[in-house]
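From these two lone chains plus the hints, build me the complex, please.
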Amino acid sequence: MSDQTDLLQGTLDLLIMRTIALEPLHGWAIAQRIQQVSDEQLRVQQGSLYPALHRLEHQGWIAAEWGASDNNRRARFYSLTRAGRKQLTTEVTKWERLSAGVNLVLQRT
Amino acid sequence: MRIWHIVTAWLRSVFLRGRREADLGEELRFHIDRETDRLVAAGVEPHQARLQARRTFGSVEAVKEESRDARGTTFVEHLVRDTRHAARRLRRDWRFTAAAVLILGLGIGVNAAIFSVINAVLFRPQAVVNPDTLVDIYQNAPGGAPTGSSYAAYLDMAAYTDIFVGSAVTFIPHPVTYSDGGPLRQAIAENTSASYLSVLGLRPSLGRWFTETEDTLNAPPVAVLGYRAWTTRFASDPAVVGRIIRIDGIPVTVVGVGPANHAASMNFGAHTDFWMPLRTLVTLSSAPPGMFERSVSEPAFMVKARLRPGVTVARAQAAMTSLGSRLAREFPKEDLKAGISVFASRDVRIHPQMDAILAGFATALLAIVGLVLAIACSNLATLLLVRGAARVKEVSVRLAVGATRAQLVRHLLTESVLLALAGGVAGCVLAWWTMRWLSTVDLPVVVDFSIDFRVLGFALALSFVTGILFGLAPALRSTRVDLWQTLRDDGDVRASGERRFSLKNALVVFQVAVSVFLLAGTGLALQMAAAGRAQPVGYAVDGVAMLQTDARYVVNTPADQPRLFEQLLTRVRAIPGVQAATLTRDLPMSVVGLRIAVDGSADGPTQNADAASIWAGPGFFETLQIPILFGRALDARDREGALRVAVVNERMARRYFGAANAVGRRFRIEPRDGDQWMTIVGVARDTWTNDLGDIVDPVPYLFFRPIEQSKVTPTTVVARSTLGEAPLVRAMQVEMRRVNERLPVLTAKTMRQLLEDSLQVAQGMAAFFTGLGLLGLTLAGIGLYAVIAFAVTRRSREIGIRMALGAGSQQVVWSVARGVAALVGVGTAVGLALWIVAVLVMRVAPVQTSGVANIQFYQPDVDPLAMLTIGLFTALVGLAAAYVPARRAARMNPLIALRHD
Chain A
1 MSDQTDLLQG TLDLLIMRTI ALEPLHGWAI AQRIQQVSDE QLRVQQGSLY
51 PALHRLEHQG WIAAEWGASD NNRRARFYSL TRAGRKQLTT EVTKWERLSA
101 GVNLVLQRT
Chain B
110 MRIWHIVTAW LRSVFLRGRR EADLGEELRF HIDRETDRLV AAGVEPHQAR
160 LQARRTFGSV EAVKEESRDA RGTTFVEHLV RDTRHAARRL RRDWRFTAAA
210 VLILGLGIGV NAAIFSVINA VLFRPQAVVN PDTLVDIYQN APGGAPTGSS
260 YAAYLDMAAY TDIFVGSAVT FIPHPVTYSD GGPLRQAIAE NTSASYLSVL
310 GLRPSLGRWF TETEDTLNAP PVAVLGYRAW TTRFASDPAV VGRIIRIDGI
360 PVTVVGVGPA NHAASMNFGA HTDFWMPLRT LVTLSSAPPG MFERSVSEPA
410 FMVKARLRPG VTVARAQAAM TSLGSRLARE FPKEDLKAGI SVFASRDVRI
460 HPQMDAILAG FATALLAIVG LVLAIACSNL ATLLLVRGAA RVKEVSVRLA
510 VGATRAQLVR HLLTESVLLA LAGGVAGCVL AWWTMRWLST VDLPVVVDFS
560 IDFRVLGFAL ALSFVTGILF GLAPALRSTR VDLWQTLRDD GDVRASGERR
610 FSLKNALVVF QVAVSVFLLA GTGLALQMAA AGRAQPVGYA VDGVAMLQTD
660 ARYVVNTPAD QPRLFEQLLT RVRAIPGVQA ATLTRDLPMS VVGLRIAVDG
710 SADGPTQNAD AASIWAGPGF FETLQIPILF GRALDARDRE GALRVAVVNE
760 RMARRYFGAA NAVGRRFRIE PRDGDQWMTI VGVARDTWTN DLGDIVDPVP
810 YLFFRPIEQS KVTPTTVVAR STLGEAPLVR AMQVEMRRVN ERLPVLTAKT
860 MRQLLEDSLQ VAQGMAAFFT GLGLLGLTLA GIGLYAVIAF AVTRRSREIG
910 IRMALGAGSQ QVVWSVARGV AALVGVGTAV GLALWIVAVL VMRVAPVQTS
960 GVANIQFYQP DVDPLAMLTI GLFTALVGLA AAYVPARRAA RMNPLIALRH
1010 D
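Protein sequence lines, in the order shown, are assigned to chains A and B. With our numbering applied, the first sequence corresponds to residues 1 to 109, in that order. With our numbering applied, the second sequence corresponds to residues 110 to 1010, in that order.
Okay, chain B solo, but in the shape it has when bound (with noise of 0.2 Å):
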């Protein structure tokens, strides 16, 4: 009550200050009529008795200023009084203001573009029932930390009854491409167990979630809608519930539509498009039927429950701690023996170790963006002071009046937190147009990056400390003013007392630095994408060119699809210059991670070892001009039914089979193809993988498995041709047309392109820093020519007696462009020596994420090139700063810079 009649007074005094004080003096001028009228009734004459009345009343000012501080609202309304102050001030100056506000705008705009992603991925919450009684189960890798879980042991946690009302399981959402009568389309796919929805406690929006019948191998695909696609990609057409789609090819019913605040299990802003029982995985996506199997050591799913009443998170940890250790215990080969954990749904955003890396990653995107507002800031705080100085004048007059500093300055700050403000609603329209932008790029991903009041609030506080961060210098510096000195006589005379190192100089020194370490960040990015294509891959780039395609869309019986291919490849080979072509699965050199046991080791066989496959076709490692070391390569002997067999890297075979020739070894995948070993009867060199971006694994343990001896099914065609790349990728869409007309074209591109998108990240990074970095020059540029326009300005008188006594214009230039050059020289060098720092940093401590990467074949490094373009570039743009100023100071006329005043 007390706090609401406090904000009802401080309202009025806001909008009914006029009425008050109106009020205020009637009433002080009642009391002073009222007594000259009791004094009249004494006797008084009069005339006299009004001026008694007066003077008993004392001051009525005073009383007035009493009163209304006794309202305890003078505070608010200082505030108003300086606000409509300012607001009146920064329109006169529209010019400074639209500026001000422009630079602000870049800078909280971009920061907070980059917090609305950030906010998506990171703190947006997830629409659940009762998250405080939702938990995430994870067994651990083997040091602790947490990965997924094993399709069995999801079932022993599941048993866990007297802990948990429910549980549901989830696999890794994925892409999946799929066509609605209508050309294909790419999507993501989340597989999850039948009770997931009812877990989380949500409901449908429409139609009905898949059973635990729809659940089995074998049983008819179905697949719920999510909201987002049923939106976006279906129109929100009621009817699509019941219709037949086909998703990777495979016809599959749509039985409803999933609940409107759910997006996907993992909450970083994406949605899932289609949800899938989890055993369709096998029909959809040719997982082995194997992983549903009693295996403990496979931890390919996600799992949630859902706390029975009254129990905590510690005790269902407790309980998952005893079930950890049994199945230790019981499975002494296939566990992990590494324990389990539980967390609370709501600290859990995509995975407990992903969110860590996330949240690093976030924090080192927010300090890179900063640095562009830092770079606004400071360029506001020079505009400032070059103003503040101008207004040096305007400055002493109050103060002789009788203003206090501290009045002053709280005036002053108020117009520059003002204009901040201004700054940030211009920086969220900017922010809001870029995510507008983003949202119409299609990406195969929809994320949700839409401003809410978390980013809202966000760019209102940056904007809010901001305000006072650039203004606070510039309001103290400008009203330490010699009130003598400057009412003398013109306000000229620090001019001679200007000096070398002013806060001026150092802030347009701090912006030129920044810039330029962003720069730099861009010359860092691009020498990693040089590295990448430098890097010799261990196979044929040039002249090589694929077609991927899904026979699933045009051939309902599987086992007619390896004739299709079989068609497709003697058409490939037939073209004239293909020199020799094969088939594979994906892109190619595309690689899928897997676990093996080695055979032949004294104590059995070696378990969960990391190795990547790729499944090579017939002519694979002729096509692709890999050499084989030792043994073979694949070839038509290896059909299905004969010998099961691989090819192995060189770095597989020593790190596994202790020795480059491990023709005749044998090793199984675990845990899925049971008892089926392979024999190695080839080595081939060591080669990249497509991805030269990669820089955790690019050089995998490699094994090539023939993909005649499985049930998986090609869908790429790779040739090499000696006539040329981009004929070569035609060719082979006419001939796959000649197949059959209607096999979709997922991917025609060459290697080299393959290789080059792969480079994207680099790439885009190196967009990222040449952005920030041109912003942040851009703005230095703008605080320079501030800087020295003021300089010139100020020292005309000087330049005019120099000029009187036969200095020559040229002189007069270069005395200028000496100024500049000292800022943009200090600036550009003490960039570069910052970024040298960060570079040696960088090579001392490579980065480590998550313990299970480290850079190893990428050593960033100083590069001369880059930085002799980025010192010239930015001398570049001091010469435009400077270009204009300087004329000016070339062409003053002495005469009339000497009488100036």
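This is chain A alone, in the form it adopts within the complex (with noise of 0.2 Å):
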């Protein structure tokens, strides 16, 4: 657990929609999803998870439908609003800019 990052504030939002921008998926799904992608270096807190998902719902920029799970159960689905794609580009260009940013005083100091 230890060797897990904790996800800087703000940075869930963008992994959130980053997951569903290819399909979309239920909570427990992206959950897995991101920490499946990060080599299992980020994992998210369900207690976290959730408030987000409604945050970013409420905004608009995802939209939630019932649909079929894979093991044939009734689950909420997410997927990216028109705007929400729109959000998603400012959120990884800044997200581009702050980490190279971020790169770049490591590497020089």
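Hint data in this document are derived by calculation from the structure and do not stem from the laboratory. This structure is a prediction, so every number in the text was calculated from the model and none was measured. A portion of the hints provided could be inaccurate.
What the hints assert, rightly or not - Quick list of in silico lysine to aspartate or glutamate cross-link-like pairs, DMTMM-like style, CA-CA up to 25 Å: (1) B:LYS173 x A:ASP13; (2) B:LYS173 x B:GLU135; (3) B:LYS173 x A:ASP39; (4) B:LYS173 x A:GLU65; (5) B:LYS446 x B:ASP669; (6) B:LYS858 x B:GLU675; (7) A:LYS94 x A:GLU57; (8) B:LYS820 x B:GLU402.
Structure representation (structure tokens):
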């Protein structure tokens, strides 16, 4: 557990949006996907996942719909809205600029 | 879009709350199940897997709470929850709720009713096309205040066609009588130029407006019905167009019906019934034709003009200012030399000067009825405090299980706002009833008091503010609880520390004080009426009666009218007991204000002196017993063709002729009578007019003209008899029917009745204050009852101990009564003290209305008798409020009281 990185404030939103940009997913799957893709480096706290999902939905960037899950149960699937896609692009740009900046500082000092 | 999103989210959170909660639960459940599945698939034993999944997830409730918060709709959700909770609680305490809604309904209802009147007079906009380009133009009085315009000045203004596309002129609305075949009825007529409707950009809803040709002297009279008059007085009958009706006795052809949305040229809610050409004033109202002639000093007309596209009000003002100085140059004698003012029409309701007075009046009125609302508010605050104290335990328990004080205050405030809104609804219903009742009263003027969105908005805002106002203090107070103390035992702990000057007591004192203050207002109004009644008017009242008719309804040739009145006068003089009788125009001692010029000053006639005129028939001074101080009264010598004469009152003689004996001096009426001088043949002693409520100018500069020396026809016969006034009124009517059966009776009353009627304003004021004062006192009584009843319950243990120790029931009653007496006594004293201060302020600064008038004959006074009456009355109310609780205290069984819990 201790070798896993805590998520920076705001980056969870970015990761969620990036994850569901490819296909609609339910909450559990989003958490799993982030974990897998980051090679288990990032672990999403459930306590913050759902409030984040509901906040994003309230802001209109993602939309939720009930559908059938892989084990054939009703699950809430989240997908990116048009506004969300735009938001994702700006967030990604912002993130790249930030990480590039941080990297530079780390390398040159 | 974003706003829309938030609003729909709110709405969803309000209406789909249940479903959303279920969804959230299911979503989280699914997550844990899925995680369990994964762990099982990874080889964990199912029971262990579930436990582990739960553990990693953490608190489901916390996640739910955070998810809800993340939606930003918690505020609405809490509001809904609080409202439901409050509604449930109010339903449970329905007796309290009903009382509170009634109290607030009365308070808000009175305010909404008054506001709907003010709304009609001051706020409802007038339907006019492009109000931005419409202006009102006024000639100024010396001193610069806008008055009206003379007809000649209007023509000069209209000539500025580079500024105005069109212009119109109106004359002040005035009462007329009319008959459409049936009985005579009262109505309001307004005379305008033919251009009036087109300048406003409106169209008649039926038929047509009158034309320029119809607005000429001697043209056959025509009229356009006001839309409201058409629907209410003529049953919306389209066939009325083309019909001939009689207005003021003269046959008038109806040519059209006015626009539906336009009430009158002056926008104060009154509706004009008949629109007529300006020059019909000469035919119908005996206005002198001279009023349309070249003279710049008679500002009797109101001008409206439509600006050319692109012309600003400022540019119009500049043009009119230059016109003003030109008129001053060209007519150095006649012009008032005070310039011309231009106002955007949307800034004017009735008249710039009038508007200011009305606004002040409206503010005062709202302040007064606001006092009643203040009483209702403090009353409810009292009730809530009492109720809050009774709910200490509930509050304590909720605080103990973790509710924050802010949450509790929010709950209690929600409750009081909910109450206030219910009270607001009740108030609107009440106001609506009142206004509906008002509209069924047959007033000569139809005013539209209907309740519109402005009134509803006012009531809503009032309820909201009220709810927070009366709810806040009790909410703060009742949530400040010493947990440990209250929960420890029986909740009675604070009784011993009950303070003498508690908030509850202060509120009751306030209610009593304000009610007393309002009742004292009644005293002032009655005092004013009494002062009017006690005033020696200076003419005969005992045995005097009058009969007013309009001969034009039966005689078509004007020349026949004097003969008719001569016959009537002869017959009335022959009635047994009649000592003298005379003819006059309008009601006896009604005056018409005029402007006169005085002959004989070295530097030519004095211009523009104010005076008032009365038309006097033969025997006028004898009938009304007005003493002649110098010279002679008017008599048979003063016929047409003889020297034109007048009798002036002493005040006028002194003011304009420098000495009481002005016999032989001359004056003339400006500008109407041209060069016809009147020679003064007598000076009469000063008298009042017939308006005792007139606090502006009750004793004007007055002159009497012989009615035979004019083309004016009399309307009224006045007689004095030794055999009582009431029989005289009946006998005169009998004689009139003998002269001509069809002569209509406009007025048949005694002089005493006429004077009494003139006090209606003061009496209305008295009734208004009495109503408000009684309402306030009733509310204060309820508050008093609540406080005393509560105190008795609170002190039941103490009372029980006292009685057990041998105190008699009398002593117990006395101890309760002492509390009531203190509250009522202090309240009354404060109210009366406030009143004395108000009276002293009024005496020091006499009421000034627009600078022309001040109260000169009446000084408000502190009336000890009225104070005593009010004091006794309040004491009675206090007694009534204390009776039930005191009796309960006296009958208390000490055993039961001591066991209490």
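Evaluated hints:
no. : hint                : verdict
1   : B:LYS173 x A:ASP13  : holds (18 Å)
2   : B:LYS173 x B:GLU135 : holds (11 Å)
3   : B:LYS173 x A:ASP39  : violated (29 Å)
4   : B:LYS173 x A:GLU65  : holds (18 Å)
5   : B:LYS446 x B:ASP669 : violated (45 Å)
6   : B:LYS858 x B:GLU675 : holds (21 Å)
7   : A:LYS94 x A:GLU57   : holds (21 Å)
8   : B:LYS820 x B:GLU402 : holds (19 Å)
When the structure is compared with the earlier hints, violations turn up for hints 3, 5 and for no others.
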